[in-house]
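Asker: The lines below spell out each chain.
2 protein chains.
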Amino acid sequence: MTGKIPLVVVVGGGFGGLAAAKALRRAPVNVLLIDRSNHHVFQPLLYQVATSVLAPGQIASPLRGLLADQENTSVMLGNVTGIDLATRHAIVDAGDREELRVGYDYLVLATGATHSYFGHDEFAHFAPGLKSLADAEFLRNHILTSFENAETEEDPERRKALMTFVLVGAGPTGVEMASAIAVMARTTLMNNFRRINPQSAHIILVDMGKRPLGTFAESLSDAVRLRLSELGVDLRLEKAVQAIDAEGAVVGDERILSKTVIWTAGVAPSPAGKWLGGNVDRAGRVRIRQDLTVQDHPEIFVIGDTASLDQDGRPLPGVAQVAMQQGGYAGKSIFRNVTGKPPLPSFRYFDKGNLAVVGKNFAVLQSGRVKMSGFFAWLIWGLIHIQFLAESSLRFSVFFQWVWTYLSGRRGDRLIIQRRENE
Amino acid sequence: MTGKIPLVVVVGGGFGGLAAAKALRRAPVNVLLIDRSNHHVFQPLLYQVATSVLAPGQIASPLRGLLADQENTSVMLGNVTGIDLATRHAIVDAGDREELRVGYDYLVLATGATHSYFGHDEFAHFAPGLKSLADAEFLRNHILTSFENAETEEDPERRKALMTFVLVGAGPTGVEMASAIAVMARTTLMNNFRRINPQSAHIILVDMGKRPLGTFAESLSDAVRLRLSELGVDLRLEKAVQAIDAEGAVVGDERILSKTVIWTAGVAPSPAGKWLGGNVDRAGRVRIRQDLTVQDHPEIFVIGDTASLDQDGRPLPGVAQVAMQQGGYAGKSIFRNVTGKPPLPSFRYFDKGNLAVVGKNFAVLQSGRVKMSGFFAWLIWGLIHIQFLAESSLRFSVFFQWVWTYLSGRRGDRLIIQRRENE
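Chains P and W, in that order, are what the protein sequence lines are.
Its first residue numbered 1, the first sequence is counted upward by one per residue in our numbering.
Its first residue numbered 1, the second sequence is counted upward by one per residue in our numbering.
If we strip away everything but chain P, and leave its shape as in the complex, we get (with noise of 0.2 Å):
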């Protein structure tokens, strides 16, 4: 590679490639961002936006001006559909347009997971899932509309089904999604509607463990599952989703008519598995090397929930804290490769801790020894997510937002926008 300057294309814009771009800020190397959308989107607070806590501008930031002042950096929105490991050249779908080949030196891979529903991809349609900015604005748009149709509803039957929300996982996600929802119910469409008790909403939280959040302490699920009866959120566990339609679901055995079906259970991890030729594990993630590099080519990273690695016998889990520091352990290994230096030792993940929300003044934390919950956790996350949020514009917004909300009950983003037809 000597007299070019080396090329590192980055696939996918979440936590782990915006790490990996940001660790390469300085090093020399060209920088080449591909992300089907054109923004950053801070996942863990998604369930806000569908709740309609905080707009959509309040957790996504866009990709290029997040890379604006790194210039060795550039953004391309497209779709990449495929590698071509023999050339190293990635196969972009951009749009109505030929598709186009991009050369790379190194590759970053952090394509992320969608949703996975076990087989039944029948259940997509008519259960939702939480992934995306359009996934929280349609689910936004679902929920205030079902509210809005019971109002005008004669009939008691078809009533009570647009008021009744199944969600079906109890990981963080379930939990914190069923709690905003019930908050949402009680509190802040209180006194809006004069035929329907928005407070009479059925709020069904369904998951097949034998408790919530089940990658917590137990004790921290006792707390969890109390603080949910508190908010009157129906919690069934050990009972399997067996069937979903337009009508509703059936939960065990029994048939629960709802208008509303929210999938927060299972996640697949994206196509790389594929384009690199198939080494991956049974949930088709790829498997990498120590280096976080996949077998036979060091030139490719694989980072985040597409990637599959162990850590003292156990898989690491797909969250955002693993998908950062693997983004960064990928952009300092280019940097040092291309500037001579010997590698880093093998990556290491280091778990930070973990932390749900449930409804108000309420959220479970768990860091190394430390298990806490109650209204102490939950200051604790709001100060986490407030600094994490990527852009400072974003981190004021939100806080303004939470206190605003909090105060007054008021939500920030509580519309219906409909499509336009010929879109």
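To be clear, the hints were calculated from the coordinates, so they are not data collected in a lab.
On a predicted model such as this, the values are computed, not experimentally measured, just so you know.
Do not rely on the hints blindly, as some may be mistaken.
DMTMM-like mimics (lysine to aspartate or glutamate), calculated; alpha carbons at most 25 Å apart, straight line [what the hints assert, rightly or not]:
no.: 1; chain 1: P; residue 1: Lys352; chain 2: P; residue 2: Asp312
no.: 2; chain 1: W; residue 1: Lys4; chain 2: W; residue 2: Asp69
no.: 3; chain 1: W; residue 1: Lys22; chain 2: W; residue 2: Glu98
no.: 4; chain 1: W; residue 1: Lys332; chain 2: W; residue 2: Asp351
no.: 5; chain 1: W; residue 1: Lys352; chain 2: W; residue 2: Asp296
no.: 6; chain 1: P; residue 1: Lys352; chain 2: P; residue 2: Asp222
no.: 7; chain 1: W; residue 1: Lys131; chain 2: W; residue 2: Asp93
no.: 8; chain 1: W; residue 1: Lys160; chain 2: P; residue 2: Asp222
no.: 9; chain 1: P; residue 1: Lys160; chain 2: P; residue 2: Glu247
no.: 10; chain 1: P; residue 1: Lys341; chain 2: P; residue 2: Asp121
no.: 11; chain 1: P; residue 1: Lys4; chain 2: W; residue 2: Glu218
no.: 12; chain 1: P; residue 1: Lys131; chain 2: P; residue 2: Asp121
no.: 13; chain 1: P; residue 1: Lys160; chain 2: W; residue 2: Asp93
no.: 14; chain 1: W; residue 1: Lys360; chain 2: P; residue 2: Asp69
no.: 15; chain 1: W; residue 1: Lys4; chain 2: W; residue 2: Asp121
no.: 16; chain 1: W; residue 1: Lys22; chain 2: W; residue 2: Asp245
no.: 17; chain 1: W; residue 1: Lys160; chain 2: P; residue 2: Asp93
no.: 18; chain 1: P; residue 1: Lys274; chain 2: P; residue 2: Asp84
no.: 19; chain 1: P; residue 1: Lys360; chain 2: P; residue 2: Asp312
no.: 20; chain 1: P; residue 1: Lys4; chain 2: P; residue 2: Asp296
no.: 21; chain 1: W; residue 1: Lys131; chain 2: W; residue 2: Asp245
no.: 22; chain 1: W; residue 1: Lys274; chain 2: W; residue 2: Asp296
no.: 23; chain 1: P; residue 1: Lys22; chain 2: P; residue 2: Glu98
no.: 24; chain 1: P; residue 1: Lys160; chain 2: W; residue 2: Glu99
no.: 25; chain 1: W; residue 1: Lys4; chain 2: P; residue 2: Glu299
no.: 26; chain 1: P; residue 1: Lys332; chain 2: P; residue 2: Glu71
no.: 27; chain 1: P; residue 1: Lys341; chain 2: P; residue 2: Glu299
no.: 28; chain 1: P; residue 1: Lys360; chain 2: W; residue 2: Asp69
no.: 29; chain 1: W; residue 1: Lys160; chain 2: P; residue 2: Glu154
no.: 30; chain 1: P; residue 1: Lys160; chain 2: W; residue 2: Glu98
Chain P is already provided as a structure; the job is to place chain W on it using the hints.
Answerer: Relative to the frame of chain P, chain W by itself:
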């Protein structure tokens, strides 16, 4: 109507309908406000959503929230499709169920206007207008995507078409939108791209008339013309648009290649005239009497953009101020009628003046004999708009956003949000 509380049905939650509902706050009636969307939009600022300055939630408020404390008033989400004059019912299409029939004692039709393509409805698909939040979000996505696609486009001709923006109609919306796109291209996007120079965007504003802002004084049109030229907006006057298609527009006898044509010209009233049996003016607006009611139907008021009323021999313009004053008048008239008071004197519109913004730091203002252009007019514009925004929470949010955008050049909501596939 003895023994029964009269029901006032207000159709439309724009400036007129909202003013009518609010004027009935203390009246001994029940009020039902029906709107197709769940929010009131501050239409004069839609162009700022379309050009990424403000987020949708910053110029729109849920109608239920705005009227939550008004106990005699309820809100219905639905699309009125007709009026049964004989039995006094509004026919409402409320989604995927049977149509509803809502009886009324008084009816206020405040159903507004939509775009008019002057008999060229085939233009609509290629040249969207700007009337709703969905329109504004569509244009935001489209304009930002055009710059993105230009960045990856190899063909210089096609790149030029992606960076050419044609606006048809140099009234307030066209002038404000054209100058806002110019400011966005010249400042906000400045360092965001690596291959294209957003400053080279070509913004063309077309009008059939002899001057921009034809309803303002000639001296102000001259000031605006100069200002547009400083902003690099290419003003084409006395030119008719002959054709619009997917590749661009024919302006006069010139073919302009452009991927973005925006319709800021004519408006057409809602179908209220048809519902009422067709006593309409040439534009299709319902002819109303000096007390804003319809001939032979003293219980039906028609107000705002969908009504036709002359004052001092000239038709009242389709602006927010007229709608608001008419809404207040209609509400008060009904209040007086149900409480047995003598009717109000004929409606008279009081024109407080007109304003239009041209880019940053510059507006034109005309109020009575006062004519003003420049920075001071722009400050007045800002104060008035902040003042008018419906909810106090919006007021602060917009104020901070404006200050932030003004100082930093950054915009609030530069997101391309793709729609979900199964929507």
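Asker: Work down the list of hints and note, for each, if the structure agrees.
Answerer: Results for each hint:
1. P:Lys352 - P:Asp312: holds (16 Å)
2. W:Lys4 - W:Asp69: Holds, because 23 Å separates the two Cα atoms, which is no more than 25 Å.
3. W:Lys22 - W:Glu98: violated (30 Å)
4. W:Lys332 - W:Asp351: Since the Cα atoms of Lys332 (chain W) and Asp351 (chain W) sit roughly 20 Å apart, the hinted pair holds (cutoff 25 Å).
5. W:Lys352 - W:Asp296: Violated - the C-alpha atoms of Asp296 (chain W) and Lys352 (chain W) are around 32 Å apart, more than 25 Å.
6. P:Lys352 - P:Asp222: holds (22 Å)
7. W:Lys131 - W:Asp93: holds (21 Å)
8. W:Lys160 - P:Asp222: At roughly 61 Å apart (the allowed maximum being 25 Å), Asp222 (chain P) and Lys160 (chain W) break the hint.
9. P:Lys160 - P:Glu247: Holds. Lys160 (chain P) to Glu247 (chain P) sits at ~12 Å (cutoff 25 Å).
10. P:Lys341 - P:Asp121: Roughly 47 Å separates the two Cα atoms, so the pair is violated.
11. P:Lys4 - W:Glu218: violated (60 Å)
12. P:Lys131 - P:Asp121: Measuring from Cα to Cα gives roughly 16 Å; hence the hint holds.
13. P:Lys160 - W:Asp93: Judged against 25 Å, a Cα distance of about 21 Å means the pair holds.
14. W:Lys360 - P:Asp69: holds (24 Å)
15. W:Lys4 - W:Asp121: violated (47 Å)
16. W:Lys22 - W:Asp245: violated (44 Å)
17. W:Lys160 - P:Asp93: Holds: Lys160 (chain W) and Asp93 (chain P) sit about 21 Å apart, inside 25 Å.
18. P:Lys274 - P:Asp84: Holds - the C-alpha atoms of Asp84 (chain P) and Lys274 (chain P) are around 12 Å apart, at most 25 Å.
19. P:Lys360 - P:Asp312: violated (36 Å)
20. P:Lys4 - P:Asp296: Holds, at roughly 24 Å.
21. W:Lys131 - W:Asp245: Answer holds: Lys131 (chain W) to Asp245 (chain W) is near 21 Å, not above 25 Å.
22. W:Lys274 - W:Asp296: Roughly 16 Å separates the two Cα atoms, so the pair holds.
23. P:Lys22 - P:Glu98: violated (30 Å)
24. P:Lys160 - W:Glu99: The given pair, whose Cα atoms are some 20 Å apart, holds under the 25 Å limit.
25. W:Lys4 - P:Glu299: The given pair, whose Cα atoms are some 80 Å apart, is violated under the 25 Å limit.
26. P:Lys332 - P:Glu71: holds (17 Å)
27. P:Lys341 - P:Glu299: holds (15 Å)
28. P:Lys360 - W:Asp69: holds (24 Å)
29. W:Lys160 - P:Glu154: violated (56 Å)
30. P:Lys160 - W:Glu98: holds (18 Å)
In summary, the numbered hints that this structure violates are 3, 5, 8, 10, 11, 15, 16, 19, 23, 25, 29.
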